[in-house]
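A.B. asks: One-letter residues, chain by chain:
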Amino acid sequence: MDFLNSYIVLAEIYVLLALSTNLLVGIVGIFSVSQAAVFGVGAYIVAALLMGDILPFLPAILVAALCCVALNILVTLPSLRVAGDYFVVTSFGIQLLATAVFTNWTEGTGGANGLPGIPPPAILGFEFDSTGQFLLLSSAALAAGCLCFWLIMRAPFGRLLRAIREDEMAVAAAGKNVLRAKVGAAALAGALAGLAGGVYGTFLSFIDPSSFDLDASILMLTMVVVGGARTLTGSILGPFLLLALPQLLTLVEIPSTIAAAMRQLIYGLLLIAFMLFRPQGLAGERL
Amino acid sequence: MIWLQLLAQGLVTGCALGVVAISFSLIYATTRIFHVAHAGVYTMGGYVAWSLIQHGVPDPLALILAIAACTAVGALIQHQLYHRLERRRATQLVILIASLGVLAVIQNIIAAVYTPNILQFASAWGGRTLSLGGVLVSYAQLLIVLVSLATYGGLLFFAHRTLLGKRIRAVASNPFLAEITRLQPQDVYVIVIAIASAVVCLPGVLVPFELGLQPYGGVTVLLTATIAMIAGGVGSITGAFVLAVAIAVLQNLSLLVMPGEWSIGVTFFIFVIFMLFRPRGLFAAG
Amino acid sequence: MTPYLEATGINKRFGGLQALRDCSFTVEQGRITCLVGPNGAGKTTIFNVVTGFFRPDSGSVAFRGRKLDGLRPQAIVQAGVARSFQNLRLFDDLTALDNVLVAVARQFAEEPLGAIFRPLRAAGEQRRATERALETLEHVGLAAQARQTVRNLSYGERKLLTVARLLATGAELLLLDEPASGLSAGALDAIMALLRRLQSEGKTLLVVEHNTRVVQKIADQVLFLHQGHLMARGSPAEIIGDPRLAEIYFGGAI
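Chains as they are written, first to last, in my numbering: chain F, 1 to 287; chain L, 1001 to 1286; chain X, 2001 to 2254.
In short, the hints are calculated from the structure, not lab data.
It is possible that part of the hints are untrue.
Some but not every residue of chain F turned toward chain X, in silico, with C-beta under 10 Å [claimed, not checked]:
(1) ILE54
(2) PRO56
(3) GLY158
(4) ALA185
(5) ALA191
Now the in silico label distances, taken between C-beta atoms and shown as ranges [said to hold, decoys possible]:
(6) X:PHE2250 - F:MET169: 48 to 56 Å
(7) F:SER139 - L:SER1123: 30 to 38 Å
(8) X:LEU2120 - F:ALA244: 35 to 43 Å
(9) F:ASP53 - X:LYS2067: 28 to 36 Å
(10) F:MET169 - L:HIS1160: 34 to 42 Å
(11) L:SER1123 - F:ALA244: 42 to 50 Å
(12) F:ASP129 - X:GLY2170: 52 to 60 Å
(13) F:GLN133 - X:LEU2120: 27 to 35 Å
(14) F:LEU4 - X:GLY2170: 51 to 59 Å
(15) L:ASN1174 - F:LEU77: 26 to 34 Å
(16) F:GLY132 - X:ARG2121: 37 to 45 Å
Counterexamples of contact, computed for chain F against chain L with all Cβ distances above 12 Å [said to hold, decoys possible]:
(17) MET1
(18) ILE8
(19) LEU49
(20) MET51
(21) ASP53
(22) LEU55
(23) LEU58
(24) VAL63
(25) ILE73
(26) ASP85
(27) ILE218
(28) LEU245
(29) PRO246
(30) THR250
(31) ALA260
(32) ARG263
Virtual Cβ for every residue (Gly too), placed ideally from N, Cα, C.
Could you build all of it, start to finish, from the sequences and the hints given here?
C.D. replies: Okay, here's the thing in structure tokens:
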């Protein structure tokens, strides 16, 4: 039972990440492989604040989310000024740079060995210790994330983003500030990833750079591609399906040394297959 | 004298990086596709050569066969994947994601088959060093420099003096016009990726010859190479090569003041500077 | 008296091509001015310069005495000058109503914070904006097609939609790039009637047009552009009746 709860908690965390990626890649149309970097920043900040007894859980999440908002804005802003392809370079660069920082800044992040002993979250005295209890927290986070996503998509902001994806120039000709809208989407994406990071770190009580590397970003991208872009359903479906995949793989006998490579290989194949044959994913709209 | 050694090391790495940059630039300038899977082709070249050498194939033949393998894979990606996607009017984003998928597939097949650990080439002659003005250079490093410079010169000649090269440049400068005249851009795209994949196999084999093979290093190399391409000006072969050497030298010299793990920070910093002040690059072609 | 719209000495070069050459003209308020000239004369380029999509190499544009130089396109729209595109550039996957709604000026919740933290106010304001958008669609004659996706609209309906989108911005000076091209006779009459109606409501129109019949029917004044330079200005009868201009327009030397 605990095992099932674990799976659901992680899936819910990844839904937040899928929503974040969906905002950037699906809705605004920016290629991003740096979501894991922002995820990691959120996780490390919350971990540091909780372990150093600096802030309780909810304020720590808020701080982390704000930092991730700032980070995402910083990352997208210069790239949005120049041609689209250069953002690809920036995105890869941010991700690789973040991995370098996570791995080498030992004083801050524990380096390659990671940070063990992250305390469980506590809200108003109630500690979310067991997996079953944590499920309440992660579900609340999930609900909050989905609500935000749903609200902006039905607001004028959502419509503006859809229009930007179709024709930026026409949007500017309609009198709207395209850059500000994109930055707004990137900011929200950052907040979601930061929230996910804080919940993730306190759930596992241990984080290390391997959860926040390029492979993780590729996984998030795969979740959005498979689940489907630009819809809430797609961002929920993708993570639940793809996190069930490793369980299916254990049925096949794969030596543990190459298990990670096999998973990433499957993600790569899924990306190719879906782009070729089903760009709208299972429950989304055409990318 | 350590800085001289670092400078020499930077020049060697830079030359290899320059070839990667030129090969990527060839693809990007012509097809406008950001072919991230190129990092995978770069990586696989070394492993193919390694396997062949393990089975007793002589070094030069192994290199040639590796080049052939890379060429085939590159052409396959363009012809079967990119071409199909473009026929369906896929957006740049879709093609990018597909390319990323190919990269993940190639890297992870390699990691699954050869394990993620570093593999060394068994070479009798590569490690031998000689001293040039107080600086220690290995035979492998010399070979890298020679091959890279020859490749640079060769591609420059090819682009400007041969008929095929001119056809490629024509397609690159105006794909729409190329479509309606008889230049047949799609054929050109396959040829371009084939040539670029063959070319990138050279540093793909020669650099690991000295430093060892590992499945996931290609992304960082490609990233640095694309930064060189952008800073040098897209479409300029010389710009890409010169900036690659400059970046590699700067990265190596920065080792005097900071640990090696942060060298990517140096590269990225250079990129940001260019983006802010000279987004079109130093040697921007038309 | 300050001219309503004034372009002074605009120069714009693209590589080897001088698209605009010391181009100067004025547009009077409340009139329909047509911009004519052979292909490549620079008509769309001047639109791009006036509305901030291109920066001129030299020269300046002023609207109601206020310089538009260096302003981003969206700022120029907010100042009261909006343009349509020759190739429409509608949001094909959105409905006609949504196309207009995107352009409605000064909406609440066009950014994430308002959308998330004040959803009730956002919903209320959306209702109001939707009413205005529906009125705009009604005004151009597209009320029945409001909920249709652009893909399902006819070419004539799409052209009307581009005008609706312009109107939604609230701009008083409308730059229309070939609003009548490619239309059947019925749709042509509808658009011409619409343009006249807009003028009577106080809008100023600057219209690029190739169709001399349309120019004759709607223009109060005509500007003849050739090789990036204003060659002649006058009433429709004067311009169309000038044999020298006709030769340039219909295939004399470029």
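A.B. asks: Each hint needs a verdict: does it hold in this structure or not?
C.D. replies: Right, here's what the structure says about each hint:
1. ILE54: violated, 27 Å
2. PRO56: It is violated, given that the least Cβ distance between PRO56 of chain F and chain X is near 23 Å, above 10 Å.
3. GLY158: At 7 Å from the nearest chain X Cβ, GLY158 of chain F passes the 10 Å test, so the hint holds.
4. ALA185: With a minimum Cβ separation of about 7 Å from chain X (threshold 10 Å), the hint on ALA185 of chain F holds.
5. ALA191: ALA191 of chain F check passes; min Cβ-Cβ to chain X is 9 Å, inside 10 Å.
6. X:PHE2250 - F:MET169: 48 to 56 Å: violated, 32 Å
7. F:SER139 - L:SER1123: 30 to 38 Å: About 58 Å separates the Cβ atoms of SER139 of chain F and SER1123 of chain L, which means 30 to 38 Å is violated.
8. X:LEU2120 - F:ALA244: 35 to 43 Å: holds, 38 Å
9. F:ASP53 - X:LYS2067: 28 to 36 Å: Roughly 58 Å apart at Cβ, these two residues miss the hinted range, so it is violated.
10. F:MET169 - L:HIS1160: 34 to 42 Å: holds, 36 Å
11. L:SER1123 - F:ALA244: 42 to 50 Å: holds, 46 Å
12. F:ASP129 - X:GLY2170: 52 to 60 Å: Between ASP129 of chain F and GLY2170 of chain X, where Cβ atoms are some 58 Å apart, the hint holds.
13. F:GLN133 - X:LEU2120: 27 to 35 Å: With Cβ atoms ~33 Å apart, the hint holds.
14. F:LEU4 - X:GLY2170: 51 to 59 Å: holds, 56 Å
15. L:ASN1174 - F:LEU77: 26 to 34 Å: Holds - the Cβ-Cβ distance for ASN1174 of chain L and LEU77 of chain F, about 32 Å, lies within 26 to 34 Å.
16. F:GLY132 - X:ARG2121: 37 to 45 Å: holds, 38 Å
17. MET1: Holds: least Cβ distance 33 Å, greater than 12 Å.
18. ILE8: With a cut-off of 12 Å, ILE8 of chain F remains clear of chain L, as the shortest Cβ separation is near 27 Å.
19. LEU49: At roughly 25 Å from the nearest Cβ of chain L, LEU49 of chain F sits farther out than 12 Å, so the non-interface label holds.
20. MET51: Non-interface label on MET51 of chain F holds, nearest chain L Cβ at 24 Å vs cutoff 12 Å.
21. ASP53: holds, 30 Å
22. LEU55: holds, 29 Å
23. LEU58: The claim stands: LEU58 of chain F keeps its Cβ more than 12 Å from every Cβ of chain L (closest is about 33 Å).
24. VAL63: holds, 25 Å
25. ILE73: Per Cβ check, ILE73 of chain F is outside 12 Å of chain L; nearest 15 Å; holds.
26. ASP85: violated, 5 Å
27. ILE218: violated, 6 Å
28. LEU245: The assertion about LEU245 of chain F holds, with a minimum of 14 Å to chain L.
29. PRO246: holds, 14 Å
30. THR250: holds, 16 Å
31. ALA260: violated, 8 Å
32. ARG263: Nearest chain L Cβ is 8 Å from ARG263 of chain F, so the label is violated.
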